[in-house]
Amino acid sequence: MSPQATKNRPVPSVRKYPKNWRWGILFILPWLIGFCILQAYPLIMSLYYSFTDFSILSEGKWIGLDNYTRLFHKDKYFVKSLVLTFKYALLAVPMKLIMALIVAMILNMKLKCINLFRTVYYLPSIMGGSVAISILWRFMFMKEGMINNFLGVFRVPSVNWLGDPNIALVTICLLVIWQFGSSMVLFLAGLKNVPTELYEAAEVDGANKWTKFWSITLPMLTPIVFFNLIMQIIHALQEFTSAFIITSGGPNHGTYLIGVKIYEDAFQNLKMGYASASSWVLFVAILLITLLVFRSSSAWVFYNDGGMD
Amino acid sequence: MRVKKNDLIAYVILIVMGVAMIYPLIWLFFATFKDNQELFGKMSLLPEKFSSIAYKNGWKGSGQFTYLTFYLNTFKLVVPTVLLTALSTGIVSYGFGRFKFPFKKTLFALMISTLMLPDAVIMIPRYVVFNKFGWIDTYLPFWAPAVLACYPFLIFMQIQFLRGIPRELDESAYMDGCNPFVVYIKILAPLLKPSVFSVIIFQTLWRWNDYFNNLVYISSVKNYTLSLALKMSIDSQGSSTPWNQVLAMSFVSLIPPILLYFFAQKYFVEGITAGGIKG
Numbered sequence: 015m016s017p018q019a020t021k022n023r024p025v026p027s028v029r030k031y032p033k034n035w036r037w038g039i040l041f042i043l044p045w046l047i048g049f050c051i052l053q054a055y056p057l058i059m060s061l062y063y064s065f066t067d068f069s070i071l072s073e074g075k076w077i078g079l080d081n082y083t084r085l086f087h088k089d090k091y092f093v094k095s096l097v098l099t100f101k102y103a104l105l106a107v108p109m110k111l112i113m114a115l116i117v118a119m120i121l122n123m124k125l126k127c128i129n130l131f132r133t134v135y136y137l138p139s140i141m142g143g144s145v146a147i148s149i150l151w152r153f154m155f156m157k158e159g160m161i162n163n164f165l166g167v168f169r170v171p172s173v174n175w176l177g178d179p180n181i182a183l184v185t186i187c188l189l190v191i192w193q194f195g196s197s198m199v200l201f202l203a204g205l206k207n208v209p210t211e212l213y214e215a216a217e218v219d220g221a222n223k224w225t226k227f228w229s230i231t232l233p234m235l236t237p238i239v240f241f242n243l244i245m246q247i248i249h250a251l252q253e254f255t256s257a258f259i260i261t262s263g264g265p266n267h268g269t270y271l272i273g274v275k276i277y278e279d280a281f282q283n284l285k286m287g288y289a290s291a292s293s294w295v296l297f298v299a300i301l302l303i304t305l306l307v308f309r310s311s312s313a314w315v316f317y318n319d320g321g322m323d
Numbered sequence: 005m006r007v008k009k010n011d012l013i014a015y016v017i018l019i020v021m022g023v024a025m026i027y028p029l030i031w032l033f034f035a036t037f038k039d040n041q042e043l044f045g046k047m048s049l050l051p052e053k054f055s056s057i058a059y060k061n062g063w064k065g066s067g068q069f070t071y072l073t074f075y076l077n078t079f080k081l082v083v084p085t086v087l088l089t090a091l092s093t094g095i096v097s098y099g100f101g102r103f104k105f106p107f108k109k110t111l112f113a114l115m116i117s118t119l120m121l122p123d124a125v126i127m128i129p130r131y132v133v134f135n136k137f138g139w140i141d142t143y144l145p146f147w148a149p150a151v152l153a154c155y156p157f158l159i160f161m162q163i164q165f166l167r168g169i170p171r172e173l174d175e176s177a178y179m180d181g182c183n184p185f186v187v188y189i190k191i192l193a194p195l196l197k198p199s200v201f202s203v204i205i206f207q208t209l210w211r212w213n214d215y216f217n218n219l220v221y222i223s224s225v226k227n228y229t230l231s232l233a234l235k236m237s238i239d240s241q242g243s244s245t246p247w248n249q250v251l252a253m254s255f256v257s258l259i260p261p262i263l264l265y266f267f268a269q270k271y272f273v274e275g276i277t278a279g280g281i282k283g
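Residue numbers (this note's numbering), protein chains in the order written: chain A, 15 to 323; chain B, 5 to 283.
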């Protein structure tokens, strides 16, 4: 390619809307249609349903804010399950990210067999969300199951992993922490992108390992931590399969996550208007938390390139 | 060969943790050969004698339908969904990544913000609509969102890949008189192979492991997928669940994801890092 040709060529990105803009619309059309009928329309409809007593069996009639007042004042389990869901996210997400970061740091020490370790650590992430693994979890953590047998070898008294409401929530968190591999791969790639000059310069200044970690490695990783944090929180607040399969929301509603409650209200009790109201509370909670993390990001997320283009 | 002390500590940590992480899966594998009594209260990893009876009996499924049906159903659900997703999200990412058009920024922001949209919120109205269409208990509720590119993460990931390909390539093809669609097929698609593979792999795993959507849309046992069949197997038996059969079938259901993982490992890493780091 000669520089002359580059100069005379009509470059699509320079003019405001180059003549081929219609092609752009054409290409995004599938998504645009999908967005309208499978995302935007359902979103609006569920807001509408949340003000009615709609169920699949009968046309709903408008009942105003009744569903919402019932949720917060009459429903024994709604606030409880909301709090549980937050607890779950607060326990699982930081633990998962810390594990991922620590292991990524170790793997970044330029050891041998990195690929083998990475393979092993990532494996749980590819199947952790499945029913099969939830069944395995339920079986392993039974009272006379494999985990308690193992603890017994070290004379640790057996733990009621699934029968005690508080511990059951931890058992479910463990399943998601076990899947730290995907976050780890992200951190590992981020660590590889930290320019070595930074470390060399720090060594010249006489920095020790800890100073290097706190003032170079961690700040350079914050954009990835940020992305991970948001995605994992959104995910955790919607958790369904593990709570539904391992403990069925029990014992004594100890793992009755909001996802399980919405499913039961909507598809087992067929109170779809009511369930829509819960789902909107969840949605608003997710929006608020995401917003909060975004707002806080200017204080702790460090962008080396001076911001995004 | 000299091994530094720090490295040694690192290896020990990595190995101990690695064993702890993978142990449940190895344990699952050997448990499928044990009989039901041996599963409880015994510490040993290896079965007393290898017996394939759990597989034989487990495979029979509900009696009326075997796991062959459930397996084939899962493929019927997953394969078209994955292929349609790859086509639709590919072309949409090309539209967002390479063209300027009115309201592009707004539309892009909307697309990204759907990442935050919980399934639970749109599930009920979607169910109502699909029910009106007569789509309940078919796989159409899974294929339709795939055709219409309702997977923002996969679109975003491919836009990131696309950014890595120099625009000069498209432009020289335009000079040769190609239209944008031909440019995509002839010039970009071959270069985007790794990104398409990543989409195929992620979507395959997500759909294979999915339970919530299956539970909502599929109602009759003849259309059950593996996740629904497994759940049925722990429910229907009551207190006398034949755990060895349940575990054997759980293991059988995990084989495709595991194979996929081992054959396509590098695309996992490329896909995750493209979606998560750049931009």
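In short, the hints are calculated from the structure, not lab data.
Predicted, not measured: the structure shown is a model, and the values here were computed from it.
Worth double-checking, as some hints may not be accurate.
Stated by the list, open to error - Dumping the calculated DSS-like pairs for lysine-lysine here, alpha-carbon to alpha-carbon at most 30 Å:
id, chain 1, residue 1, chain 2, residue 2
1, B, Lys-108, A, Lys-157
2, B, Lys-9, A, Lys-126
3, A, Lys-33, B, Lys-270
4, A, Lys-33, B, Lys-9
5, A, Lys-126, B, Lys-270
6, A, Lys-126, A, Lys-33
Hint check:
The straight-line distance between the Cα atoms of B/Lys-108 and A/Lys-157 is roughly 56 Å, outside the 30 Å bound, and the hint therefore fails. A distance of roughly 15 Å separates the Cα atoms of B/Lys-9 and A/Lys-126; the hinted pair therefore holds under the 30 Å criterion. At roughly 39 Å between alpha-carbon atoms, A/Lys-33 and B/Lys-270 are farther apart than 30 Å, so this suggested pair is violated. About 64 Å separates the Cα atoms of A/Lys-33 and B/Lys-9, which puts this hinted pair outside 30 Å; it is violated.
Straight-line distance between C-alpha atoms of A/Lys-126 and B/Lys-270 comes to about 18 Å, which keeps the hinted pair within the 30 Å bound. Taken as a hint, the A/Lys-126 and A/Lys-33 pair is broken in the structure, with Cα atoms around 54 Å apart against an allowance of 30 Å.
Taken one by one, the earlier hints fail for this structure at numbers 1, 3, 4, 6, listed in ascending order.
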